[in-house]
Structure formats: structure tokens, C-alpha cells
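Asker: Given next are the chains, with one letter for each unit.
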Amino acid sequence: MGLINSENAKYLKEHFRSFKNPVNILYFNSKKTNPDFCNSTRLILNELSSISPKINLKIFDFEKEKNEVQKYNIMMPPATVIQSDRDIGLRYYGIPSGYEFSTLINSITMVGRGRIDISDEVRKRSSLLKEKVEIMVFVTPSCPHCPRAAAIVHKLAFINENIKGTVIEANEFPELSKEFKVMTVPKTIINKNHSFEGIYRDERFVEELIKGIS
Amino acid sequence: MLDLKFQSEGYNTKLEERNYDVIILGGGPTGLTAGIYTGRALLKTLIIEENMIGGEASSTELIENYPGFPDGISGMELTERMKKQVEKFGAKIVINHTDKVVLTSKIKSVKTDSEEFQSKAIIIATGSSPKSLNIPGERTFKGRGVSYCATCDAPFFKSKDIAVIGAGSSGIQEGLFLLEYVKSIKFIEFLPYMTAEKILQERIKKRENVEFFLNHKLLSINGDQTVESITTENRGTGEKRDIPISGVFVFVGLKPNTELFKDSIELDKEGFIVADEHLRTSLEGVFAAGDVRKKILRQVATAVGDGALAAFSAKTYLERLKLKD
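Same order as they appear, the protein sequences are chains A and B. Quick note on the working numbering: the first sequence kicks off at 1 and runs consecutively. Quick note on the working numbering: the second sequence kicks off at 1 and runs consecutively.
Worth flagging that the hints you see were computed from the coordinates, not collected in a lab. Computed from a predicted structure; not experimentally measured. It cannot be assumed that every hint is accurate.
To be verified - These stretches of chain A come out as covered by chain B in the derived footprint (C-beta under 8 Å, 3 or more residues): (1) 19-29; (2) 135-144.
To be verified - Simulated crosslink set (SDA-like; lysine to any residue; CA at most 20 Å straight-line): (3) B:K100 / A:R204; (4) A:K13 / B:N134; (5) B:K100 / A:K211; (6) A:K132 / A:P174; (7) B:K5 / A:G2; (8) B:K269 / B:N134; (9) B:K142 / A:L3; (10) B:K111 / A:S119; (11) B:K120 / B:G223; (12) A:K211 / A:I199; (13) A:K58 / A:P22; (14) B:K5 / A:F16; (15) B:K183 / B:K198; (16) A:K130 / A:K181; (17) B:K5 / A:R204; (18) B:K142 / A:S195; (19) B:K315 / B:Q299; (20) A:K181 / B:G223; (21) B:K217 / B:P244; (22) A:K132 / A:H145; (23) A:K178 / A:R204; (24) B:K198 / B:T302; (25) B:K5 / A:K181; (26) B:K5 / A:K124; (27) B:K5 / A:S195.
What the hints assert, rightly or not - If we take Cβ atoms under 7 Å as the criterion, some of the chain A residues that face chain B in the derived model are: (28) L3; (29) S6; (30) N8; (31) N39; (32) L57; (33) Y99; (34) F101; (35) S119; (36) H194.
Every residue, glycine too, gets a C-beta built ideally from N, C-alpha and C.
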């Protein structure tokens, strides 16, 4: 048996079949930096892409393929970019394991279906943001609430190309977690200065986002 | 071996159908069980969950006292199975915030952030949430040393001395999990004795790096940027003490998720819904089941029993309603 158990693999195969668009996963791997985390991430993504022809995986070497690293503004490996035919600002740093496997599947699903279900109000308010925003959300694989926080961040990035949605597995990047004083997850950081902890409803999240920008 | 946990549902799924026989508020073990029973009764069923399918139970690392799983089962796996079972029998599930409910009329309505649904019967299974302490320092240090989720935040307290507030089953169970990461735990319990299941008490007492402060009241959480100490008071002697620690995990019981219903349904003084032996509330066609109702034991085992009973009562109510019409 692989990492994805047969029951989930069967479900996902069927689930991916309904996708309107192919999903392109760009994965930045390394044999030098965080090699164990990279290896696990690579195995998960390889298995996922083998489940469905609609999931395309392209692997880059973080140390060697500097042009791609720069183009996608990759901070560190393991890094996963989930996109349709173009970069829509979705990033995942770390192994998408534990509860975070749901985050990966949710984001793939969003791109594959080419749509998200979100209230009209949230869609309208987040579409109005004209300046560039980076939302980082720190998560851990053992946090059952975190996929909800990661989902809203990726949804907003999907709606508005000015928003970049970055999910970071806090345990695997202790320096970054220390820099942003992460002691609980999910913790969301807007433009590296405004932060809040816990799960917020979509409406309130957008309010915090606007507060963070201004 | 990596553990990949997967919930087979996106968020905010939109539904075409607006009218249901039964709307179940809450997708924890109670709501899911109710949905299995109403589904099998061929009642058109909608389950509306606020956060996570499986509710609080889905975040439990290991459930050891639910029958049928001699080696225990993770909360997420158990509730994921329940979810598949409920879907098999036709119930629809939406994950969205419920904004408003109108329960007093014959046709009940439930408004979420993006949609409005109607039904003839409602089962309230909104459960309960962890209580806060309401003491100085708690809010200030939330996310800076004060946590309510051991599984989420344990890695941030690796090799640190911490306190766990509450020595009930949740406190001890989460404490046992935290011991995989932290250096030591001081358990602070208001009562003069532990209320945790005896098997959990035995397990924790075998550990070396734990200390118990029974009959102690937590007065404040102190620090500068992050938590540095707590102040406790011995309820017997009145002696106050500052205990240096770097983290505080709070497990002091549950508060009911009844904000939406507080003006329309009879609640007890703690805010739990009062229901009779058929799980009928003070409003016709509205039933309450699981952790949200006044009861003496809140476990997955009691939740599923409540779910089945509430579904049966809702079915009986709908049959009578049909006869009257």
C-alpha cells in the first residue's frame, strides 16, 4: 500500500474525474535542504498524480533550477505550487500530511473545478482589493482546524490575482515560525505585519485582511 | 509512515434544493447519526455544519471508549466513516455559518451566510465548545502561550515546562498527549479530586514529570511578551503561589453552542437546551440532541444515542403532522 490508502485513492480517483480543468502542480524539491521533508512531499505528490491524468506534476530542483525558483518566488523547499494554466498565487510549504492532506486536496479541487463556493459578499469585497497582498497562514499537520484557515487563504488568492496565499507548515520551518512568533495555529499574517490567530468566518477574515492592508 | 488525514468534502457546497423534511444543525457524531436515521426513514435531510464535519470529536487523537474499536480509533476516521454512512442514505451536507433561525412557525427556516433553507422539523445538534477561564492574562496571552488545542500547538512547547488547567478526562487525555513533547506538566484542578476516567488517572500517575495541584484556583496568567508564570491559590489554605511555566493549556469544560436559540428555546442556567425524554424542546417540531442539551454525560457514545432518538422523534412528529393535514 502507498501513502494514500486504497479507500481514499478510490474516492480521489472518482473525485478528480469530475474536474473541468487539469491541475498543474509544480513541486520544488531538494536533496540538500530539508531532504527528509522533501522526500515525503515528493512521494505524496507522485502518488496523487498517478491517481488521475488530470493532475500533472512537474518537479524542479530547488538548488539547480534557479530561474524557476525566482520566477515562482520560492522561499525554501519543500514548496508546492498549485495552478491551472497560470500561476494564481497558491503556495504550500512543507509536507501536506496529517490534516494538511485535506488542504492540498481542497486547493487542487478548487483549481480543477475552476470555481469556488463563497458568499457573494466575500467575493465582492475581496475582488475589490487592488494592491498586492501576501497572506501567510501557519499550520501544523496535527491541527484539525487548520485546513479551514488554509482554505480561505487559497480561495482569496483564487478570486483575486493580487492576493498571494501561502500556507506554511510551522514545525518544518522553525526559523520562520520564530520570526512571526507562532505559538498557536492557525496563525495568519497579512503582509508580514498584521496577524491574528484561530479560525475566522470568511466575512470576518476579509475584514481582518482589509485592516491588515490599511 | 506518514498519516494522511482526509475529509471527503469541500467547503460551502451550494445546493439547489431549498426545502427539506428535516434540517439538522451540527455535523458532529450526533447530527451525523440523526442524519443516518432520518435518511433511512426516507426523510429529505439537510445537515448544516459550522466548522468541521465530525465536530469536536474529529479532533480527538484517539477515541478508546467507543464500542466496536478495541484498539481505539482516531476521531477523524470515526466521524469520516459516519459521514460516508450518512451520505449513503441520502442526507445532504453543507458547511457554512448559520446566521439566523426561525423556529417558532410551522415551517422552520435556517439562513446561512449564503443560502436560506426551510424544513418542517429541526434537530439541534450544535454541540459545545471549550470554555475559557476568564481570568487576567488569558486573553492577552492567547496565541502567546495560552492554548486550547493540544494536538495543534504541542510542538511549540517542545521541552518546556507547562501547565494544564483542568484534570477532567479531556485535561488528562490531552496531558498524556502533551507529554510526548513537553518537559513537565503541572495540572491545576479546582476540585479537590480528579474527575477524569479512572483508567486515565492511572496512566497519568505513572508518569514522572507530572505534578498535581488539586483544590487550586488559577488566579492569573503572567508574562511579558509570552507566558512566564501562573498564579494559583490553594482553596484550602488560601496560600498563593507563582509557578514559572512557558505554556498554559486550558481544558475546563464545555459551553453550549446555543447563541442562536437563546431567545426562542428554553435553556438551563448554563445555557444548555432543555429537552424531554423524546428530545423535544419547548418549541414544536424542534428537537435537541447531543452535547448541546442538558445531560450528565457528553461522549461520542451518548451523542450517537441522542442522534438516533432525535431522528425517531422527528420522524414521529412529521407523521403526525401529515395526519393532521
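Asker: Determine which of the earlier numbered hints do not hold for this structure and return their numbers in increasing order.
Answerer: Numbers 1, 4, 5, 6, 9, 11, 15, 16, 17, 19, 22, 23, 25, 26, 27, 29, 31, 32 and 36, in rising order.
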